[in-house]
Each structure stands twice: as structure tokens, then as C-alpha cells.
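Peer 1: This is what each chain is made of:
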Amino acid sequence: MQLSTKISSLLFPLLLISCGDNTTTSPIPDISSIDINDSNISLYSTDAAHNYKAIVNYTNGTMADGTLDITWSSDDNGTLLFTGIGSVTPLHNGGNTTLQIEYDSKFFNTTPVYIKKLQSLNYSDINISKVGVVQTLNVTGNFENNESNISLTNNILWSGDENITISEQNASSVIFTIDQNVTSIFLKASLFINTTNQVDFNKTFN
Amino acid sequence: MKKILLFLLLLTTLFADARPYIGTHLGIYNEKFSEIDARSSSTLANIKIGYGNREAYSIEFSLDYLNNNAKIFSSAPSANKDGKKIGFNISLVKAFDFDIYALPFVKVGFGSGVQNIDRKLQKSLAFGSFQLVLGTYVPLNRYLDLEIGYEIKHISYEAINTITKKISYNSVMNTLYFGINYRY
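Residue numbers (my numbering), protein chains in the order written: chain A, 1 to 206; chain B, 1 to 184.
Hints listed in this document are in silico derivations from the structure and should not be mistaken for laboratory results.
Any given hint might turn out to be false.
[Unchecked claim] Listed below are the simulated DSS-like cross-link pairs for lysine-lysine, each with C-alpha atoms no more than 25 Å apart in a straight line:
#, chain 1, residue 1, chain 2, residue 2
1, B, K165, A, K106
2, A, K106, B, K123
3, B, K120, A, K106
4, B, K166, A, K106
5, B, K32, B, K166
6, B, K166, A, K53
7, A, K53, B, K120
8, A, K53, B, K165
9, B, K81, A, K106
10, B, K120, B, K84
Modelling step: build the complete structure from the supplied sequences, incorporating the hints.
Peer 2: In C-alpha cells form, the structure reads like this:
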């Protein structure tokens, strides 16, 4: 009796352990791919920074935001400027490039980026006979592919001749004062100023 | 200086009549994970080298080789199971001499190891462990003894990289083993 009790007490944990089963399908999903949340990016050359997300796809169908964990790049650093992680702004008036994401040299993805070229500006009216009066000039842009009167949000810096004083400006408007009686004034909108891609749009008001 | 001398004196006392020994054991284990519903059970082999007194204290270094039949970490369809585990342990053994034929012991220790897996970003997974063994030596003569033990081991695995997170998994492994030791 004592012997059988001893044998049983030895065999019981053995039985418990040997009865354990094996997991045959991993419960831990693996990474299947990484994607950019926009598959075909089109930007105006005067656009402010656009933010994109890197999506990590898993084998169980779930997704997660991997924007901060992924390495971002473009195939042409002269066309796009990275202003943050996943944040890009155009750096060229027109052109094509590719936005790329990569992780650990094992996961890659790309998406084409098309930058629409600004071709001309539409100006609001001003009165050059109003000396010493603050005036506002509003502009919109005409882009390639016949896209006209598009609001401008970024990348333009205004300058003028010696007869005006600019007090405030942004991409789509300039606030200025005409300092003396003149027959014309000159204003210049510089796109991508101080870069090799600088393009100037000049306007003389009579 | 006094503390060092006291420590050396303690060591001398603990390891009086100590002898080196080597041993091996075979066992079966069942591993259960805490964060996920996953289990693994298979067989293991172990070789050990130690130094100590069979009736009192010993220090032991051992190598584990664990078969594996479960697929817990690997994701590749071609991998039908994770790889085998190899581990290294350091343990302190305290045996008790109750003047019976067996010498019950308690063994505590820690270790580390590695397991091959097949994931997109990881091909192996390191782990750390600490363990407690309750068992008994059954002396056959002055040199040989049988060893039967039940081990409970807590294992912490290296984090799994999912790009957005690094997730660590833990498990508890129960092992029952039977082995033999030779003491010089």
C-alpha cells in the first residue's frame, strides 16, 4: 500500500506534465507589410506640409500606426522637404518623386508624389494713387492641368520696389503701403526663395 | 578584511568534504505562457558539473537542451514549430541528511538561453530564467547517486518586435526529471 502510494505520488506529476498539449498556431501576429496611408500623392507646389502615416499590417489582419517607428525618405531630396516624421512639403515647382518608407532593411514601400507646377498668379485690384494708405493684395494661383484660382498656402515670399513698404504677408496676400506718388509699383512673389529651385512671379501695377 | 575572512570561513564550512561531480538528467516539461494562451510540452536533457557536499551544499553549472513541439513565436508558414531551446544555469543546492536512504534537496538558480524562431524580424529569441527545484538524491554508493527532481522555472523572453511595440512574454515551465550523478 505504501509502495503504491509512493509510486502514485511520483507518477501523478509526471502524468500532469506529460499531458500538456502544444500550441500549433502562433498566437503572436507577425508583420506582413508596411504601407503609406496615401497611395498616390499629388501636391501643389505652394502647399504647406502634408502629414502621412505609415501603417503596419499584421498577419492577423490588424493594423497599427508605425509613423514614428519607420524611416522616411524620398528618392529626390531636391523635390520634397521633410519637415517632420512623415511630414513633407514641396521644394520644387513641379516634378515627380517617390516617398519611401523602410524598416530594418526588411520592409519597404513607396508611393509616387506628383508636384503640380504653379504657372501664374491672379491678383486682386489695388490703387496706386493711395499714398500712405494700407492696402491688401490677394492672390490665387493657376497651376498646370488647367487648375485655376487655387489658394496658396506656403512657400511664397513677397518683396517690392523702393516705393512701397510691406508690413505683413503670407503666401496668398501681402499688406503694404505706397510711400510716395508713383506711376507704377513693382511686386515680386518668390517661390522657394533662396533655394536653387527659386521661381519669381513679377507684377507691375500701373 | 574581517568580512572577507568571515565569508571565506563560511565557504570553508559550507563546502567541507566537498567534491566535484558531474551528472546528467532527462525530463519532460510543460510550459505555459502568462500573456497569451500558449503551451509547450516536450522532453529535455541536461548535463551538469558541480562542486559540493552531497549531504549539504553544492554549486552547480548546467546546460539544458529542450526539444520543442510547439509553434508559439514563429510565424513563417514553413516553420511548423519553434526551434529547440538551449540554456545555461547556475544553481545553489542545499541537501538534507535525515539519515534515510534519500537525501532531499532544494535547488535554486538562474539561467539564460536562446531559442531559434522564424519571424520576419527575428530569427532567435534570448531568454532569462530563475528556477526552484525540489528533489532528492538517492545514493547508490560513495560515487554515484540518482537524482529525481521537480523544477518550476520562470522564463522571461526577449521582446518580440512588432515595429510599433516590443512585447515581452513570460512563461512558467514545470519539469519532472530523472538523472544520475558521479562524484569524484
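Peer 1: Broken hints, numbered, in rising order?
Peer 2: none
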